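Top to bottom, those sequences are chains B and W. Counting from 1, one number per residue, gives the positions in the first sequence under full-length UniProt numbering. Counting from 1, one number per residue, gives the positions in the second sequence under full-length UniProt numbering.
In short, the hints are calculated from the structure, not lab data. Being a predicted model, the structure only gives us computed values, none of them experimental. A portion of the hints provided could be inaccurate.
Claimed, not checked - One-sided excerpt, in silico: chain B residues whose CB lies under 7 Å from chain W:
1) Ser21
2) Val62
3) Gly87
As the list claims (entries may be wrong) - Covered stretches of chain B (in silico footprint by chain W; criterion: 3 or more residues with CB under 8 Å from a CB of chain W, positions within the stretch not fixed):
4) 22-34
5) 89-98
6) 111-120
7) 130-144
8) 149-157
9) 235-244
To be verified - Derived BS3-like pairs: lysine-lysine, alpha-carbon spacing no greater than 30 Å straight-line:
10) W:Lys76 <-> B:Lys234
11) W:Lys230 <-> B:Lys6
12) W:Lys148 <-> B:Lys149
13) B:Lys201 <-> W:Lys76
14) B:Lys6 <-> W:Lys196
15) B:Lys60 <-> W:Lys234
16) B:Lys234 <-> W:Lys149
17) B:Lys196 <-> W:Lys6
18) W:Lys230 <-> B:Lys184
19) B:Lys234 <-> W:Lys6
20) W:Lys148 <-> B:Lys184
21) B:Lys148 <-> W:Lys149
22) B:Lys149 <-> W:Lys149
23) W:Lys184 <-> B:Lys184
24) W:Lys201 <-> B:Lys6
25) B:Lys230 <-> B:Lys187
26) B:Lys148 <-> W:Lys184
27) B:Lys184 <-> W:Lys234
28) W:Lys230 <-> B:Lys60
29) B:Lys230 <-> W:Lys234
30) B:Lys201 <-> W:Lys6
31) B:Lys76 <-> W:Lys201
Ideal Cβ placement from N, Cα and C applies to all residues, glycine included.
Protein chains: 2
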Amino acid sequence: MIKNGKIHVIGLGPGDRQHMSERARTAILDSEVVIGYKTYIALVEDLLEGKEVIDSGMRKEVERCNLTVDKALDGKRVCIISSGDAGVYGMAGIMLEVKNERNADVEIEIIPGITAANAAAASLGAPMMHDFAVISLSDLLTDWELIKKRIECAAMGDFIISLYNPKSMGRVHQIEEARDILLKYKKPSTPVGIVKNAKRKGEEVVITDLAHMLNYPIDMLTVVMIGNGKTYVKNGKMITPRGYQL
Amino acid sequence: MIKNGKIHVIGLGPGDRQHMSERARTAILDSEVVIGYKTYIALVEDLLEGKEVIDSGMRKEVERCNLTVDKALDGKRVCIISSGDAGVYGMAGIMLEVKNERNADVEIEIIPGITAANAAAASLGAPMMHDFAVISLSDLLTDWELIKKRIECAAMGDFIISLYNPKSMGRVHQIEEARDILLKYKKPSTPVGIVKNAKRKGEEVVITDLAHMLNYPIDMLTVVMIGNGKTYVKNGKMITPRGYQL
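Here chain B stands alone, though its shape is the one from the complex (with noise of 0.2 Å):
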């Protein structure tokens, strides 16, 4: 009898190896089957000797979760992989979703990676100290409407907020959408800052305002993060104070 596989749902963090936890290399290393979008699997290729890799294309998400099931009731100790944290906008909620749809009886486990925000923010100074939101702009599985609203939320919060996929090929308007809504709440002078492959190879970062923010390259490998009311640039860092006297 063939005991069932194990599977573990890992976030690779940044992309760049050393912003991965030890637990996510461990994890990929005992794993019999590697599974995943080709750009991630290609991020870990000198961890994969001897291992059955699957990669696959773009939003194939449910396709990838099922063949991870396939393989872990065949009794295969399997790892689908994701960059950042698996668990925020990654393939944690899908594949538990596959495998209570399947009702298969495989053991799952979710591994945390360091997020894109996270990332960003370490590139950009401080931004991030007080309360924050993060929100995707992409619609492609969420209506308009409620990502506006929750915008308008956030900015009426005076939270930190950091923008995910904020702009693609054929997706522009939403960011201009969006610092319209922001506007309303905040200040033009509000810091911004635009954050590309944060923490991985090319990245680029951008410290403006909400005023010109638009001026500059954004696309799907960007974080924007806007400041809260107290945020202010120094010495080319980002800074939300927490409240400390100094």
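Once you've looked at the hints, dock chain W against the given chain B.
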């Protein structure tokens, strides 16, 4: 001439060494001086051989940062450590502020870590798969009225909400008031995860709902995770669907 040293501000992650990044580990090993609150120093004891170690008590944040600058100006490689992500209610901001205040010619690198919300989410299942807000209930440095407003705005926007510092020995009413505000917008049956010591020794995970959450122990080592309108509990896991079609 002694070259001024470098400061690393390090987030150790949730506490279990396995969830620390390689970058954090090597930066500690490369340091000559390690400064931190004594609880965090204890977490990395085995990395400290041959180093000058300065541990200090709670609420000495500014003093600790000044000491760090002093050591760096002496030409030392210094690291200042805290748990989770140094950039989320951690030491990153105050470190940059103290450096700027003293106009000190030292380089500072912020090394991100896995913050408590992401660690707790992994132990709960996949509650944080959609837009979320992180709010600290500590009113030591922040006006309680502002915190309440943020809870209200986050609830209004149907964010997943992660509450840090929900309750301490001398501060008990905030979590009750927070729940009252949440109940204005969210159903009593909204799933709530309560995670103590997320991803470290002594972890305790409870999954309940808004109606019953106050029946469980909550303290300063606890993160309270409140679902959005679509979050559900199945097979002992808290899941917020991203919206994929199964």
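These are the hints, each one checked on the structure:
no.: 1; hint: Ser21; in the structure: holds, 5 Å
no.: 2; hint: Val62; in the structure: holds, 6 Å
no.: 3; hint: Gly87; in the structure: holds, 4 Å
no.: 4; hint: 22-34; in the structure: holds (count 4)
no.: 5; hint: 89-98; in the structure: holds (count 9)
no.: 6; hint: 111-120; in the structure: holds (count 7)
no.: 7; hint: 130-144; in the structure: holds (count 9)
no.: 8; hint: 149-157; in the structure: holds (count 7)
no.: 9; hint: 235-244; in the structure: holds (count 8)
no.: 10; hint: W:Lys76 <-> B:Lys234; in the structure: holds, 24 Å
no.: 11; hint: W:Lys230 <-> B:Lys6; in the structure: holds, 27 Å
no.: 12; hint: W:Lys148 <-> B:Lys149; in the structure: holds, 19 Å
no.: 13; hint: B:Lys201 <-> W:Lys76; in the structure: holds, 28 Å
no.: 14; hint: B:Lys6 <-> W:Lys196; in the structure: holds, 25 Å
no.: 15; hint: B:Lys60 <-> W:Lys234; in the structure: holds, 24 Å
no.: 16; hint: B:Lys234 <-> W:Lys149; in the structure: holds, 28 Å
no.: 17; hint: B:Lys196 <-> W:Lys6; in the structure: holds, 25 Å
no.: 18; hint: W:Lys230 <-> B:Lys184; in the structure: holds, 28 Å
no.: 19; hint: B:Lys234 <-> W:Lys6; in the structure: holds, 19 Å
no.: 20; hint: W:Lys148 <-> B:Lys184; in the structure: holds, 21 Å
no.: 21; hint: B:Lys148 <-> W:Lys149; in the structure: holds, 19 Å
no.: 22; hint: B:Lys149 <-> W:Lys149; in the structure: holds, 16 Å
no.: 23; hint: W:Lys184 <-> B:Lys184; in the structure: holds, 25 Å
no.: 24; hint: W:Lys201 <-> B:Lys6; in the structure: holds, 22 Å
no.: 25; hint: B:Lys230 <-> B:Lys187; in the structure: holds, 11 Å
no.: 26; hint: B:Lys148 <-> W:Lys184; in the structure: holds, 21 Å
no.: 27; hint: B:Lys184 <-> W:Lys234; in the structure: violated, 40 Å
no.: 28; hint: W:Lys230 <-> B:Lys60; in the structure: holds, 23 Å
no.: 29; hint: B:Lys230 <-> W:Lys234; in the structure: violated, 41 Å
no.: 30; hint: B:Lys201 <-> W:Lys6; in the structure: holds, 22 Å
no.: 31; hint: B:Lys76 <-> W:Lys201; in the structure: holds, 28 Å
When held up to the earlier numbered hints, the structure conflicts with 27, 29 and fits the remainder.
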